[in-house]
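Colleague: Single-letter residue listing:
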Amino acid sequence: MKRIQYILFAICILSIWSCKPEKFAPIGEPQNVVKSIQGTWGLTKVTQIDQDANTKGFPYKQLDITAVYPYTDLVLAFQGDAEGNPSTFTINSGNSPQIAELTSGSWTVDDAKAPSIISLKNGEVTNSLSIGSYVSLKSGKLIIKKDKKLNGKVILSYQYEFTKK
Amino acid sequence: MKKILLLIICSFGAMWASGQGKVTFSPATFTSEDEVTITLDVTGTPLAGTNDVYIWAFSNDGVGGGKDATTNGQWGSSSEDAKMTKTATNIFTFKFTATTLFGQSPAELINFGFLGKAKDGSKQTPDYKPFKFDPLVFTASQFRLFPAKLDYTDMATVYFHQNLATDINLQRMANIKVSLSFYDAAGNVVGSKQGIAIVKESTILFSSSFIPGRVITLPAGTKLSKFTYQFTGTVKDANGLDIPANGPVTEVIYTVFN
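One line per chain: the protein sequences are P and R, in this order. Per this note's numbering, the first sequence starts with residue 1, numbered consecutively. Per this note's numbering, the second sequence starts with residue 1, numbered consecutively.
Source of the hints: derived by calculation from the structure; they are not laboratory data. These figures come from a predicted structure and were not determined experimentally. Any given hint might turn out to be false.
Claimed, not checked - Listed below are the simulated DSBU-like cross-link pairs for lysine-lysine, each with C-alpha atoms no more than 35 Å apart in a straight line:
(1) Lys149(P) <-> Lys236(R)
(2) Lys145(P) <-> Lys67(R)
(3) Lys223(R) <-> Lys153(P)
(4) Lys146(P) <-> Lys226(R)
(5) Lys61(P) <-> Lys95(R)
(6) Lys153(P) <-> Lys236(R)
(7) Lys129(R) <-> Lys61(P)
(8) Lys153(P) <-> Lys95(R)
(9) Lys146(P) <-> Lys67(R)
(10) Lys148(P) <-> Lys22(R)
(11) Lys20(P) <-> Lys45(P)
(12) Lys146(P) <-> Lys22(R)
(13) Lys121(P) <-> Lys200(R)
(14) Lys35(P) <-> Lys61(P)
(15) Lys200(R) <-> Lys141(P)
(16) Lys61(P) <-> Lys177(R)
(17) Lys22(R) <-> Lys45(P)
(18) Lys86(R) <-> Lys67(R)
(19) Lys236(R) <-> Lys56(P)
(20) Lys145(P) <-> Lys165(P)
What the hints assert, rightly or not - Here chain P is said to cover these stretches of chain R; the calculated rule only asks that three of the stretch's residues, wherever they fall, bring their Cβ under 8 Å from a Cβ of chain P:
(21) 25-33
(22) 132-145
(23) 152-160
Glycine is no exception: its CB is placed at the ideal position from the N, C-alpha and C atoms.
Next comes chain R alone, as it looks inside the complex (with noise of 0.2 Å):
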């Protein structure tokens, strides 16, 4: 009776995805002042099928100061610079550049969000939100990623700053390594690399540098969306013997460079 119960909220839960649409952006990751790519797949969403979508997009959704697009226009009117391209069936892409579509300065905006109409707002997606823009200043974190954009091509080096470890543990930790996983585009793990030794660059500072290819064999035709790193390592218990510990996992978005 569980497992029926369990399939049947499953199913649910897949149909209610599968009706919300699916957005992508191209970097993965953006600053307000980046220009980026919305491709929006409206299959399963009211605009199904049609042949004109257009943005309404907003900024700082639930932190206040927030502003619509300027290309926005009104409801029941959108503006024809909202409008987006269709490049397939279904989906449809928008180029925009944050400061530029709200008239707000980097420092204003945290998050937009948005959704797509029909020009006179007879249908509509769901609201896609919140959206974060990268920082324009550098924050030091306890792990950094060089370079910050990069394809499954590129040599990544990942570094673990021990000394802006929040986490006891992982400012204790030693015998430190790192395990890498990394995906496709459909989400399947290609391969999987435990425990690498890292480079001590100083007493609190390790990094580890790889290409994908070099660390998993790569299927011919396989692109890779995405890798995830973890550091790991041991502490010491109350007895002075060493167990295991984990710092959390990583995950990071390739770029598609055009």
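One chain only, chain P, in its complex shape (with noise of 0.2 Å):
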């Protein structure tokens, strides 16, 4: 029975003295959202997205609909100033389909570090644009959504892939 304790005993001093603080790798430089979204993009994928059956729990919610039009002619750029603010856009569309109504103006973001709406602005006309996923900005993928909306509820999204030029 003693042996048995003065064993258990050496597990837990031997457990209490393997344990010792881990070192984590250094997390590197916040990603500058703003800075990656600026460039030259051309449009890969359009999927249109039935909000409205998603929430109603019915089939037939979205519908890759590239190859209907030459949507892949699309090319949007975002260019930014020399501290890297948000500065001009232009959209050249060729023979795709409007994803706007604008096709130059500036861009402005609601939140510098944590962007989640592109604004358009031309003028007094405005478009807004959701932001998606930061972490497919490093894989060189934008994507944004435009979300159409029905006293306050989002009925219709159509989500833009694009590709960096």
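Combine the two chains into a complex, taking the hints into account.
Modeller: If you want it as structure tokens, here you go:
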């Protein structure tokens, strides 16, 4: 019995002794999302999402419409100033259907550190687009969403997937 | 003489119609859980020219299990919650969600109706009814639209599920194509296109995707209110020859997003 107690005591001591603070690698510089968005992007995929069907749990929730019209003609360019802040944008649709009313103007984001909305502005006209996953930006993909609402409820969305040129 | 009679009948018909008021909904189709805005034009009704109109709503007209709206109050003294918002001369709106308005579950609600009235009930419009709620359970059908709600700038995809066709000609139809017509707010045809090639997604599923502005030339400033689609094709007659076959014309009202 005493032997078992000694063994247990030894195990406890060993367990405590083996505990030591773990060293984590530095997490690195925070991702500058606004800077990552800047550049020239080519539209590669368009998905139409029936959010009303999503809410109701109906089948047929989304549809890839990229091939219906030449959406891949569309090129979007977000420029930044010397400090990396958003400045101007251009949308060259080519033969693609328009994804926004505006073709040029200035752009801003709702939060410089963690943006979720891009506002495109030209004169009195403003178009809002939502930014998708930040992770995809690291692999050169920009995902932008456009929502259509009815009485404050999102009914229909378009998800545009861009690849950096 | 026949022409005169027809003219008189048409005139009386027009007079009767103008005295009924006009109702529109946003969205055009809705379930009992959706927020809906009724727009009522009381022109030509006893309430024309008034500033205060109260809604008197009721559910499940003619199908049993109906209830008065919780906002109705008494006929001789409508509740202030039932007051419609005046947006222009003779135009009134009222926003509601049916499950809340009638205090009934989605399963209980089949349709609803309403009328506009003066607070004291001395004047009223005709009854507007019945307006059916969209089902909350998906029901497969031979024709389908994706997305279910869209405006005229959106891509629409119309589907024909041939395995769900109930008509024998539609079940056997080959060389399938689709015809489209687009209408402005006044209900006039803005443009049409017949015999558009479809995508054969499988042996039993056919589709056509389009944005109106890519199918027809939209005059500047024109806003479309609806479109119709019709799947057409051919079937074999007794001699094995192709003869035309048409599906029904299906109408889609565009939603006005806000």
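Colleague: If a hint holds in the structure, say so; if it does not, say that too.
Modeller: Tested hints:
Taken as a hint, the Lys149(P) and Lys236(R) pair is broken in the structure, with Cα atoms around 47 Å apart against an allowance of 35 Å. Distance hint between Lys145(P) and Lys67(R) is unfulfilled; the C-alpha atoms sit about 42 Å from each other, more than 35 Å. Simply put, Lys223(R) and Lys153(P) have alpha-carbon atoms about 23 Å apart, close enough for the 35 Å limit, and the pair holds. At most 35 Å may separate the alpha-carbon atoms for a hinted pair to count; Lys146(P) and Lys226(R) meet this at roughly 23 Å.
Pair hint Lys61(P) plus Lys95(R) holds up; C-alpha atoms about 27 Å apart against a cutoff of 35 Å. Note on Lys153(P) and Lys236(R): the hinted pairing is violated, with a Cα-Cα distance of about 48 Å set against a maximum of 35 Å. A C-alpha spacing of about 32 Å is found between Lys129(R) and Lys61(P), which places the hinted pair at or below 35 Å, so the restraint holds. This hinted pair checks out: Lys153(P) and Lys95(R) have alpha carbons roughly 14 Å apart, not beyond 35 Å.
Restraint check for Lys146(P) and Lys67(R): the C-alpha separation of about 40 Å exceeds 35 Å, so the hint is violated. With a C-alpha separation of about 27 Å, the suggested pair Lys148(P) and Lys22(R) falls inside the 35 Å cut-off, and the hint holds. With a C-alpha separation of about 49 Å, the suggested pairing of Lys20(P) with Lys45(P) is violated against the 35 Å cut-off. Restraint check for Lys146(P) and Lys22(R): satisfied, since their Cα atoms lie roughly 33 Å apart, inside the 35 Å limit.
With a C-alpha separation of about 41 Å, the suggested pair Lys121(P) and Lys200(R) falls outside the 35 Å cut-off, and the hint is violated. Simply put, Lys35(P) and Lys61(P) have alpha-carbon atoms about 33 Å apart, close enough for the 35 Å limit, and the pair holds. Proposed proximity of Lys200(R) and Lys141(P) is supported: the alpha carbons are some 32 Å apart, at most 35 Å. Taking the CA atoms of Lys61(P) and Lys177(R), the gap is about 25 Å. The hint holds against a cut of 35 Å.
With a C-alpha separation of about 43 Å, the suggested pairing of Lys22(R) with Lys45(P) is violated against the 35 Å cut-off. Taken as a hint, the Lys86(R) and Lys67(R) pair is honoured in the structure, with Cα atoms around 26 Å apart against an allowance of 35 Å. Note on Lys236(R) and Lys56(P): the hinted pairing is violated, with a Cα-Cα distance of about 41 Å set against a maximum of 35 Å. Proximity of Lys145(P) to Lys165(P) is assessed by CA-CA distance (about 20 Å); at most 35 Å being required, the pair is judged to hold.
With 3 residues bearing a CB less than 8 Å from a CB of chain P, the segment 25-33 of chain R meets the requirement of three and the coverage assertion stands. With 3 residues having a Cβ less than 8 Å from any Cβ of chain P, the segment 132-145 of chain R passes the three-residue criterion, so the hint holds. Under the rule that three or more residues need a Cβ within less than 8 Å of chain P, the assignment of the segment 152-160 of chain R holds, with 3 such residues.
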